[in-house]
Amino acid sequence: MSSFTMVKALNEALRKELEADPKTLVMGEDVGRLGGVFRVTDGLHKDFGEDRVIDTPLAESGIVGTAIGLALRGYRPVVEIQFDGFVYPAFDQIVSQLAKMHARALGHVKLPVTVRIPYAGGIGAVEHHSESHEAYFAHTAGLKVVTPSNPVDAYWMLRQAVRCDDPVIFLEPKRRYWDKAELDPNAAGAPSRLHDARVAREGRDATLIAYGPMVKVCLDAAAAAEEDGRSLEVVDLRSLSPLDFDTVTASVQRTGRAVVVHEAPVFMGMGAELAARITERCFYALEAPVLRVGGYFAPYPPSRVEETFLPDLDRVLDAVDRSLAF
Amino acid sequence: MTVDSTAGVPKKASGTRRKRVPSRAGSVAPPPQPELVQLLTPEGERVEHPDFSLETTPEELRAIYRDLVLVRRFDGEATALQRQGELGLWASLLGQEAAQVGSGRAMRPGDYAFPTYREHGVAWCKGVDPLNLLGMFRGVNHGGWDPNEKNFHLYTIVIGSQTLHATGYAMGITKDGADDAVIAYFGDGASSQGDVNEAFTFASVYNAPVVFFCQNNQWAISEPTEKQSRVPIYRRASGFGFPGVRVDGNDVLACLAVTRWALDHARSGNGPVLVEAFTYRMGAHTTSDDPSRYRMSEELEAWKLKDPIERLRAHLVREGWADQEFLDSVEAESEQLARRVREGVRTMPDPSPAAIFEHVYADGHALVDEERAQYEAYAASFEGGEVR
Ligand SMILES: Cc1ncc(C[n+]2csc(CCOP(=O)(O)OP(=O)(O)O)c2C)c(N)n1
Ligand SMILES: [Mg+2]
Numbered sequence: 042m043s044s045f046t047m048v049k050a051l052n053e054a055l056r057k058e059l060e061a062d063p064k065t066l067v068m069g070e071d072v073g074r075l076g077g078v079f080r081v082t083d084g085l086h087k088d089f090g091e092d093r094v095i096d097t098p099l100a101e102s103g104i105v106g107t108a109i110g111l112a113l114r115g116y117r118p119v120v121e122i123q124f125d126g127f128v129y130p131a132f133d134q135i136v137s138q139l140a141k142m143h144a145r146a147l148g149h150v151k152l153p154v155t156v157r158i159p160y161a162g163g164i165g166a167v168e169h170h171s172e173s174h175e176a177y178f179a180h181t182a183g184l185k186v187v188t189p190s191n192p193v194d195a196y197w198m199l200r201q202a203v204r205c206d207d208p209v210i211f212l213e214p215k216r217r218y219w220d221k222a223e224l225d226p227n228a229a230g231a232p233s234r235l236h237d238a239r240v241a242r243e244g245r246d247a248t249l250i251a252y253g254p255m256v257k258v259c260l261d262a263a264a265a266a267e268e269d270g271r272s273l274e275v276v277d278l279r280s281l282s283p284l285d286f287d288t289v290t291a292s293v294q295r296t297g298r299a300v301v302v303h304e305a306p307v308f309m310g311m312g313a314e315l316a317a318r319i320t321e322r323c324f325y326a327l328e329a330p331v332l333r334v335g336g337y338f339a340p341y342p343p344s345r346v347e348e349t350f351l352p353d354l355d356r357v358l359d360a361v362d363r364s365l366a367f
Numbered sequence: 384m385t386v387d388s389t390a391g392v393p394k395k396a397s398g399t400r401r402k403r404v405p406s407r408a409g410s411v412a413p414p415p416q417p418e419l420v421q422l423l424t425p426e427g428e429r430v431e432h433p434d435f436s437l438e439t440t441p442e443e444l445r446a447i448y449r450d451l452v453l454v455r456r457f458d459g460e461a462t463a464l465q466r467q468g469e470l471g472l473w474a475s476l477l478g479q480e481a482a483q484v485g486s487g488r489a490m491r492p493g494d495y496a497f498p499t500y501r502e503h504g505v506a507w508c509k510g511v512d513p514l515n516l517l518g519m520f521r522g523v524n525h526g527g528w529d530p531n532e533k534n535f536h537l538y539t540i541v542i543g544s545q546t547l548h549a550t551g552y553a554m555g556i557t558k559d560g561a562d563d564a565v566i567a568y569f570g571d572g573a574s575s576q577g578d579v580n581e582a583f584t585f586a587s588v589y590n591a592p593v594v595f596f597c598q599n600n601q602w603a604i605s606e607p608t609e610k611q612s613r614v615p616i617y618r619r620a621s622g623f624g625f626p627g628v629r630v631d632g633n634d635v636l637a638c639l640a641v642t643r644w645a646l647d648h649a650r651s652g653n654g655p656v657l658v659e660a661f662t663y664r665m666g667a668h669t670t671s672d673d674p675s676r677y678r679m680s681e682e683l684e685a686w687k688l689k690d691p692i693e694r695l696r697a698h699l700v701r702e703g704w705a706d707q708e709f710l711d712s713v714e715a716e717s718e719q720l721a722r723r724v725r726e727g728v729r730t731m732p733d734p735s736p737a738a739i740f741e742h743v744y745a746d747g748h749a750l751v752d753e754e755r756a757q758y759e760a761y762a763a764s765f766e767g768g769e770v771r
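So the sequences go chain by chain: A and B.
The first sequence begins at 42 in this note's numbering and counts up one residue at a time.
The second sequence begins at 384 in this note's numbering and counts up one residue at a time.
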C-alpha cells in the first residue's frame with residue numbers, strides 16, 4: 042500500500058498494461074516526451090519507447106480513426122484526448138465507426154480501444170477545458186462509458202477498460218486528478234467489476250446518485266447533513282453505460298428518495314435516464330419525485346463564474362430539503 | 384501539363400502496342416531546399432528578393448518598430464499578470480512579433496482576421512484594445528469583443544476550426560463582389576487537423592480570397608513540426624492547387640511584403656495563398672507548460688540571435704533613422720501601456736452569475752428563462768440574497 046494521486050494511479054495502470062501485453066499502445070497528443078499535459082503518461086515513453094507510446098499529429102479524428110485500424114490489426118490502443126472539448130473532431134470516428142464496427146462485422150472483429158478523456162470542470166480553465174459530455178457517449182450503443190471518482194477506482198477501472206474487448210470511453214474527472222488514496226497496485230485482483238456501482242456511504246433518508254467529480258461533493262454534502270441529523274446514502278455509479286440499476290434500485294427501495302447529481306446540464310442528461318428508470322422500478326417505494334441537480338442549460342461559463350454553474354454542497358442539500366419536504 | 388494520374392490515358396486499341404504511363408520517377412526527386420523570403424537579415428541588413436519588394440519610409444519603419452516593442456511589452460505584462468494570479472492562463476507570442484505585426488499591417492481595414500489564441504500582435508494592428516484580449520484569460524468571458532468592430536474575429540481555442548470560418552467568410556466576400564480579403568491564422572500543429580485541410584479544399588475549389596497564414600513556431604506544445612509533416616508546410620499548398628510561400632517569420636518586412644502580395648493576389652480573384660512564417664516560440668506553450676521537459680535550451684539560444692525586434696532596431700540605428708531619444712520614447716510608451724494593462728486587469732469586473740444565462744440564444748429559449756428564474760430565486764433564498 043502506498044499513497045497515489047489519481048494521476049499517478051492512472052499512470053501505474055497504463056504501465057502495468059503496457060508490461061502485460063505487447064499489443065497495448067498509448068497514443069495521443071503530447072503523451073510522449075512531455076508525458077501528457079496532466080502527466081498521466083509520464084515516463085512511459087522513456088520506458089516503453091516511441092513505438093508503444095506514440096506522439097501523434099495534432100488531429101483527433103486521425104487519432105481515433107487510426108486507433109481503430111490498429112485494433113483491426115490486433116493492437117489494443119489506449120488513446121488520450123487532451124481535453125474534453127477536443128474530442129469532437131473525433132466524434133464521427135467514435136460514434137459512426139468505433140461504436141458500430143463490431144455489430145456491422147457480425148462480431149467478426151473486436152474494437153478494444155480505450156479513449157481516455159480528462160473531463161468536467163472546477164479547475165479554473167479557459168473555454169473547452171471543462172465540459173461534461175458523457176451523455177453524448179452514453180447515448181450511443183456500442184460504447185461503454187465509465188468514470189472513476191477516486192485513485193483506487195481509477196487504477197483498477199483503467200486496467201479493466203484496457204482489457205475490455207469493447208470500446209470504452211474512459212472519463213477522468215480532472216479536478217480529482219490530485220486527490221490521494223492508499224492503493225496496492227500489485228493486489229491480486231480488482232476489488233469490483235468494471236460496471237458495478239458502489240455504495241460510497243450508507244444512509245437511510247435519501248439516496249444521492251453521482252459519478253466522477255460529483256461523488257466527493259455528495260460525500261461532503263452527506264457529512265454536512267449528518268450534523269443536521271439527516272442520514273444520506275451516496276451511490277457512486279462508476280459506470281454510465283452499462284448502468285448498474287440493481288445497486289441504484291436497492292438503495293432507493295431503502296431510502297424512498299433519490300437525488301441525481303452531475304455537472305453536465307440537467308436537460309437531457311444522465312439524470313433524466315436515471316429518474317425515468319427509478320420511477321419505473323421503485324414507483325411504490327418513492328416518497329418524492331426523483332430530483333436532479335446539475336449544470337444549467339447554457340454553455341459552460343467563464344471560470345470566474347463556474348462555481349455558480351457547478352453543483353455544490355448547498356445545491357445538493359437544497360435538493361435534499363425539497364425531496365424530504367414532499 | 385504533367386500527367387498525375389492514369390485517368391486520361393486512352394484505352395488500348397487492338398493491334399497496337401499498349402502505351403506506358405509516363406514515368407513519374409522525375410517528380411519524386413528530393414525538392415530543392417525551401418527558400419526563405421527575407422528582406423532584413425538577423426544582423427539588420429536590408430536585402431532584396433527577386434519576387435518580393437517593399438518600399439518603406441524611415442517613418443514607417445519606426446512605426447513598425449514601435450508596434451513590435453509595444454506588443455512584446457504587452458505580452459510580457461500579461462505573463463507577469465498570470466504569475467501574480469490575475470490571469471488564469473496566458474499564451475505568449477514571444478518571438479512571433481514580426482510574423483504577427485508584419486501580416487497584421489499588411490491588412491487593409493476591410494480585411495478580416497480569424498486568429499488562434501496567440502494573435503495578440505495581429506489584434507494590436509487591427510486596433511483591438513489589448514485589455515479586451517485578457518478577458519478570456521482572466522476567466523471573465525469567452526472572447527468578449529465584437530468581431531465586426533475591427534474585423535478581428537474571436538480567439539479560437541479548438542485547433543484549426545477558424546480556418547473554415549475564414550474560408551466561408553471569404554466565400555461571402557466573393558459573392559458580394561467586394562475586394563476585401565481574409566487571413567486565417569493557424570499553427571504548425573494545426574496543419575494536421577482535418578478542418579485545416581478541408582479549408583484548403585474549399586478555398587481552392589471556390590477560389591476564395593483567403594490567405595492561410597501559418598506561424599510555424601517549430602512546436603505544437605511538446606511536439607516538433609516533424610511530427611506533423613514530412614514536407615515543409617508551405618508546400619502543402621501545391622497539392623491543393625494554390626501557391627505557398629515560406630517567409631522568414633522573424634523578419635517583419637518580409638512578412639509584410641509577402642502577406643501584402645498574398646492578400647492582393649487573393650482579392651484580385653486569383654484564389655488562396657498559403658504563407659508559412661518560419662519562426663520560433665521563444666516561451667512556453669502557455670503559462671501552464673514547462674518546455675524544459677521536451678526541448679533543449681541551445682535551440683532557444685540559437686533563435687535568440689534571430690530576434691525579430693533586435694534586427695529592426697539594428698537596421699534603424701545603422702541607417703541613422705532612430706536615435707536614443709526615439710528608442711527611449713518607445714520604451715517609455717511601452718511602460719505606459721503595461722501600466723494601463725495592469726490597472727485595467729486588476730479592476731476588470733467579474734461577470735454577474737446570472738450572465739451565464741445571457742446570449743445563449745438570439746431568439747430566446749423557454750428553458751434558459753426558466754432556469755434563470757430558478758437560479759435567481761435560489762440565490763435570493765440565501766442570507767445576503769446572493770450566492771458567492
Ligand atoms: C482540437 C484541439 N485539440 C487539442 C488542443 C490542445 N492544444 C492546444 S494548443 C495545442 C498545440 C497547437 O500547436 P500549433 O498549432 O503549432 O500552435 P501554437 O500553439 O504553436 O501556436 C494543442 C494540442 C486544442 N486546443 N484543440
Ligand atoms: Mg506551433
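By construction, these hints were calculated from the structure, which means they are not laboratory data.
Source: prediction; values computed, not measured.
A virtual CB, placed ideally from N, CA and C, is assigned to each residue, including glycine.
A portion of the hints provided could be inaccurate.
Here are the simulated lysine-lysine pairs, DSS-like style, with alpha carbons at most 30 Å apart [to be verified]:
id: 1; chain 1: A; residue 1: Lys221; chain 2: A; residue 2: Lys57
id: 2; chain 1: B; residue 1: Lys610; chain 2: A; residue 2: Lys64
id: 3; chain 1: A; residue 1: Lys57; chain 2: B; residue 2: Lys610
id: 4; chain 1: A; residue 1: Lys257; chain 2: A; residue 2: Lys221
id: 5; chain 1: A; residue 1: Lys141; chain 2: A; residue 2: Lys87
id: 6; chain 1: A; residue 1: Lys221; chain 2: A; residue 2: Lys141
id: 7; chain 1: B; residue 1: Lys610; chain 2: A; residue 2: Lys87
Covered by chain B, according to a simulated footprint, are these stretches of chain A (three or more residues, beta-carbon under 8 Å) [what the hints assert, rightly or not]:
id: 8; region: 72-80
id: 9; region: 160-167
id: 10; region: 337-343
* Asked: Can the restraint linking A/Lys141 and A/Lys87 be considered satisfied, given a maximum Cα separation of 30 Å?
  -> violated (35 Å)
* Asked: Is the Cα-Cα distance between A/Lys57 and B/Lys610 30 Å or less?
  -> OK: A/Lys57 and B/Lys610 at ~27 Å, within 30 Å.
* A/Lys257 and A/Lys221: Cα distance at most 30 Å? -> holds (12 Å)
* Asked: Do the alpha carbons of A/Lys221 and A/Lys57 lie within 30 Å of each other, as the hint requires?
  -> Holds, at about 20 Å.
* To do: Would you mind confirming whether the straight-line C-alpha gap from B/Lys610 to A/Lys87 stays at or under 30 Å?
  => Distance of about 17 Å is within 30 Å: holds.
* **Three-residue Cβ test at 8 Å for the coverage of the region 337-343 of chain A by chain B** => holds (count 6)
* Asked: If you look at each residue in the region 160-167 of chain A, do at least three have a Cβ nearer than 8 Å to any Cβ of chain B?
  -> holds (count 3)
* Can you take a look at whether the region 72-80 of chain A is actually covered by chain B? Rule is 3+ residues, C-beta closer than 8 Å. => Check passed, 5 qualifying residues.
* Asked: Is the hinted pair A/Lys221 and A/Lys141 satisfied, with a Cα-Cα distance of at most 30 Å?
  -> Between A/Lys221 and A/Lys141 the Cα gap is close to 37 Å, so the pair fails against 30 Å, i.e. violated.
* Pair hint outcome, B/Lys610 versus A/Lys64 [Cα-Cα no greater than 30 Å] -> Status holds; Cα separation ~22 Å.
Violated hints for the displayed structure, listed by number in ascending order: 5 and 6.
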